[in-house]
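Enquirer: Sequence:
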Amino acid sequence: MNRRVFEDSFSNHLFSMGVSTESSYRDILNSSEVDKQTLAQKMAEKGCDSVLLTRLIGQRKETVITHGGYSGYVPGPYYGGRGRYARPPYYKSWGSYYGRRHDVFYTSPSENEFIILTVESVMYDLRTE
Numbered sequence: 001m002n003r004r005v006f007e008d009s010f011s012n013h014l015f016s017m018g019v020s021t022e023s024s025y026r027d028i029l030n031s032s033e034v035d036k037q038t039l040a041q042k043m044a045e046k047g048c049d050s051v052l053l054t055r056l057i058g059q060r061k062e063t064v065i066t067h068g069g070y071s072g073y074v075p076g077p078y079y080g081g082r083g084r085y086a087r088p089p090y091y092k093s094w095g096s097y098y099g100r101r102h103d104v105f106y107t108s109p110s111e112n113e114f115i116i117l118t119v120e121s122v123m124y125d126l127r128t129e
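Just so we're aligned, residue 1 is where the sequence shown starts under my numbering, counting upward by one.
Calculated directly from the structure, the hints in this document are not laboratory data. Take these hints with a grain of salt, some might be off.
Have a look at the derived ranges for each label pair, beta carbon to beta carbon [to be verified]:
| hint | residue 1 | residue 2 | range |
| --- | --- | --- | --- |
| 1 | 45 | 108 | 52 to 60 Å |
| 2 | 46 | 13 | 40 to 48 Å |
| 3 | 106 | 52 | 18 to 26 Å |
Straight line, CA to CA, 20 Å or less: simulated EDC-like cross-link-like pairs of lysine to aspartate or glutamate [to be verified]:
| hint | residue 1 | residue 2 |
| --- | --- | --- |
| 4 | 46 | 7 |
| 5 | 61 | 111 |
| 6 | 42 | 129 |
| 7 | 36 | 120 |
| 8 | 46 | 125 |
| 9 | 46 | 27 |
| 10 | 42 | 111 |
| 11 | 42 | 22 |
| 12 | 36 | 49 |
| 13 | 46 | 129 |
| 14 | 46 | 22 |
| 15 | 46 | 35 |
| 16 | 42 | 7 |
| 17 | 61 | 120 |
| 18 | 42 | 62 |
| 19 | 36 | 7 |
| 20 | 36 | 111 |
| 21 | 36 | 125 |
| 22 | 36 | 22 |
| 23 | 61 | 113 |
| 24 | 46 | 103 |
| 25 | 42 | 8 |
Predicted model only: the values in this text are computed from it and were never measured. Just so you know, even glycine gets a beta-carbon here, dropped at the ideal spot from N, CA and C.
Build the full structure now, drawing on both the sequences and the hints.
Expert: As structure tokens, this is what we get:
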């Protein structure tokens with residue numbers, strides 16, 4: 001499944017750059033059982049002029065920790081409207097002067113683990129190798 005996802009995404013990226021591609025998983029089920037001549041013959045039948053070989057050369061795990069926390073917003077006192085000061089009697093009553101809110105947002109801590117793969121790709125011309 002990983003091979004199919006990789007080949008399709010690689011193929012789609014190349015296609016977006018104007019390169020016509022064929023994914024090998026459709027014709028070659030197990031890449032360890034295919035020799036060079038068989039691969040070249042299958043590609044020639046499809047009209048391919050080059051081969052792009054990719055192999056996994058490394059992998060590592062990376063953990064990203066996001067610390068949780070609180071953030072908030074406290075608007076100033078109400079003076080007859082947000083962002084403006086009214087003329088007296090701007091207090092109107094003690095309820096409007098002290099009418100404030102405190103918005104608090106909590107973000108929970110999280111830990112995400114990623115597997116980073118390093119691949120090597122080499123392209124060969126089928127005629128000249």
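Enquirer: Please name the hints from earlier in the document that this structure breaks, with their numbers sorted from lowest to highest.
Expert: As far as the earlier hints go, 2, 3, 10, 18, 20, 24 are violated by this structure, in ascending order.
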